[in-house]
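Colleague: This note's numbering applies: residue 9 is where the sequence shown begins, and numbers increase by one.
It is worth saying that the hints were derived from the structure and are not from the lab.
Among the hints, a few may not be true.
Straight line, CA to CA, 25 Å or less: simulated SDA-like cross-link-like pairs of lysine to any residue [to be verified]: (1) K88 with A125; (2) K88 with A75; (3) K156 with Q130; (4) K88 with K156; (5) K88 with L150; (6) K88 with Q130; (7) K88 with Q63; (8) K156 with A124; (9) K156 with P109; (10) K156 with S143; (11) K88 with E37.
Here the structure is a predicted model, which means the values were calculated and not measured.
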Amino acid sequence: MSVLHELDELLCSDDDEYDRLDLFLEAVELIGQLRTADVSPLLALWQARDLSWQQRYTQASGSIDGAVLRALLAGLLQIKETPHGVFELMTRLPATADASPLSEALLAYAQQAWHAAAPARQRQIQMSCWSCGLSGRLLKRLGFSAWKDAGL
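Based on the provided sequences and hints, a complete structural model is requested.
Modeller: So, in structure tokens, the structure goes:
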């Protein structure tokens, strides 16, 4: 059984089984074994599965490989109706942003989401951008001199 297939079955487990058997720990391990070749089928699963599956994935992604994370984020940004997970996964990026196309795409996504977000969601957007070093750049894109000016 492939790692991705095993991970999918694990994340599809019912809530009681997932919690009772500490399947979270297995999910962490399996996500750490994913490779960039797994990203296309992972994106297909992402779109086919429900929010609970996506939440379990993002919560267990602490050991995700950096290349897999970047490819997954780039793929999620290409989905028209971007599913849950972009801001949650951004927190897994290194704390120092780069000038890559992915960073620019994440900034554009954050800027667009900011304007449509409620204040609580704006806080999450700001924190996700802060954790990966994009906070200052987002602040400038939004036209604020400080987060206090943005109401945070």
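Colleague: Determine for every hint whether it applies to the structure shown.
Modeller: Here is how each hint holds up against the structure:
| no. | hint | result |
| --- | --- | --- |
| 1 | K88 with A125 | 17 Å, holds |
| 2 | K88 with A75 | 22 Å, holds |
| 3 | K156 with Q130 | 12 Å, holds |
| 4 | K88 with K156 | 32 Å, violated |
| 5 | K88 with L150 | 23 Å, holds |
| 6 | K88 with Q130 | 21 Å, holds |
| 7 | K88 with Q63 | 19 Å, holds |
| 8 | K156 with A124 | 19 Å, holds |
| 9 | K156 with P109 | 28 Å, violated |
| 10 | K156 with S143 | 13 Å, holds |
| 11 | K88 with E37 | 30 Å, violated |
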